[in-house]
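Read off the chains here:
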Amino acid sequence: MLAIDILIQGFIQGSIYALIALGLTLVYGLLRILHVAHASLFTLGGYLGVLITNATGSLFLALILAMIVVGFVGMLSYRILYRPLLSQPPLIALIASIGIFIASEEIFRIIFGPFSISYVAAPLQNQIEILPGISMSEARIMVVLLAFVLLLGVNWLSRRTRLGIATRATVVDPDMAMSSGVNVDVIRYSIFFIGSAFAAAAGVMVSLLNNLVEPTMGAVPSYKALAIIVLGGLGSVRGALIASLLLGIIETFGTIYLDDLLDRDSIAFAFLILVLMIRPKGIFSKG
Amino acid sequence: MFKKIIFPIIAGAMSLASYAGIASAENIKIGFNVPLTGFAAADGQSALHGAELAVEQVNANGGVNGSMLELVVYDDQASPKEAAPLAIKMITQDEVVAGVSGSYSGATRAAATIFSENSVPYISAYAIHPDITRAGDYVFRTSFMGEVQGRAGAKLIGEMLGKKRVTMITLNNDFGISLANGFKDKAGDFGIEIISEYEYSIKDREFGAIVSKIKSENPDAIYASGYFFTAGPLVRQLRAAGINQPVVGQEGYDSQKFIEIAGDASEGVMITTSLDRDSSNPVTQSFIEGFSNKAGYPADMVGASGHTAILVLADALSRAGNTDKASLRDAIASTNLEASTGQISFNALGEVQKDVQVQVVRDGNWHHHSVVSDAVLLAPPAE
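Respectively, the protein sequence lines represent chains V and H. If you count the first sequence from 1, you need to add 1032 to reach our numbering. If you count the second sequence from 1, you need to add 183 to reach our numbering.
Derived from the structure by calculation, the hints contain no laboratory data. Computed from a predicted structure; not experimentally measured. The C-beta atom is built at its ideal place from N, Cα and C for all residues, glycine as well.
Looking from chain H toward chain V, a few residues come up when the C-beta cut is under 8 angstroms (computed): (1) N355; (2) R388; (3) G415; (4) I444.
Partner residues aside, some chain H positions facing chain V, computed with beta carbon under 10 angstroms: (5) P218; (6) I393; (7) F412.
Label pairs and their in silico Cβ distance ranges: (8) V/G1131 / H/N242: 39 to 45 angstroms; (9) H/K386 / V/T1088: 29 to 35 angstroms; (10) H/S384 / V/I1310: 25 to 31 angstroms; (11) H/E278 / V/Y1255: 39 to 45 angstroms; (12) H/N548 / V/I1162: 32 to 38 angstroms; (13) V/I1310 / H/D557: 54 to 60 angstroms.
Let the hints inform the model, and build the full structure from the sequences given.
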């Protein structure tokens, strides 16, 4: 029973990682840029979730608004940060991204204050018995459901729509896609919108689970999401999703059973080193 | 147009500068390093509010020996590599008569060494690492060491609450580890059996796995170290999982923010700390009122600690009668002062000797629960 309980906890954690890592791996696939500042958008999403819920009383509205607003901020970050740097080596964009991430923590602190902010009346806190002896708060169940729905949506988008097909074409060969009439810039803006909106959804979910948002809440996701997309094979969406779930589960078990050996946050990296020694291109890379 | 705007600005700046020049010539400067940016900025802000309040209160009563106190504030980001050069700057450039740390242990240790080498008195307001006061004779601490508070926690759980099977959840930094060491050290004396211990990192807010495991162990009580931003989510998740046993924390929880984050789950949580909100002590009462007026949020332990450290310094300055560093150091060493965090005196090492306050959350506020008063148990190391 304990094992099942912990497995479910790991699944919840993994779902959050998946929502964050998706945007990161999409951006990498498209632009070959490690978008560290993605974690700032996660934090922004969390803040908007709490503030809008507190102002309006509606978590649903807060979630939708946070995703839309952060989606546009993501597009803006492409426009002012990455687009001018596309002709430069990827390292330049990476350094710029890290700079923006560090600055954003202080900007959040200046705007929202150094103290954490909590929900006035935290929604979705009722307990539901999902299996005999195992109950979860509605918020936890919501995390998994939301991740599932959003990721299914992306899957549908990528398989069934022109945008999705054009995106996949651009990832494989941007020049060829462009010469076939694909507007690469539209694709890039769309990807930044979707990836950032997902990060915002993750931020809202984390704010709900912990009942707090704080300026530094993006610190762990900033580097752990990088580990996840490397594990999954850079740029691979399916790889990133599986790596997210695996890492969530391994970390959760590790918290209990590897406690004396490894800090929870170092488990990701121990796992990463191990995998890269065996499969240098990630678990799910081809070849 | 240009002249019209610029001239008054320059004139204003000059008059300000001359005013500052005259004022600072008479002021007694106290260095204050505090994290105002970075991960510890929330605590830093409280510490600064507390310290500024103390300075305002002292100056409103005529200052010290006819001079006004002046805080020289630097942001150390709770980082040793920031704190060390700032300490040098405070001593050589600002020529402070003494320094106060409103910061965490890492930064405080780095600064303490430099203050001590230069024979300038330095007081740690709430940093808990044992080595801070060992930097030298000029370094004092007005808050409890982690070990001391850990021992008080053991007495509270084992003797006062009579709970024997205890699970520990330990924050794996110097704060959490030293609390855990103190707790384990004395747990046996109070009949406590530690059935398990889990460690977590300061970045963790998600405790699902630990909570599930504790639920399966069914302890009598939980001793959990942490700060309000880790303990808030932790307590919330423990209670949500149906774990209703007593949770005992420490001064790291001591903020209204803890109650805000944990919500109803915070009811009944007990902590060992140094601020008694229901105290009848007028210094404490005026601090609590002054702090919430000044800061715009309720008083917390960190604010009280910053306040206490400045009051101790002001008291010592007035007893020393001058700003000579050696006589100021001796005056601090012989402190016996009623401050916002209780009756303050120091042992030979410069560690504070005082009772531990136990606070409990009732109806959404911290309240008095009991006092751990045991000079032997709570004796800090003297060397």
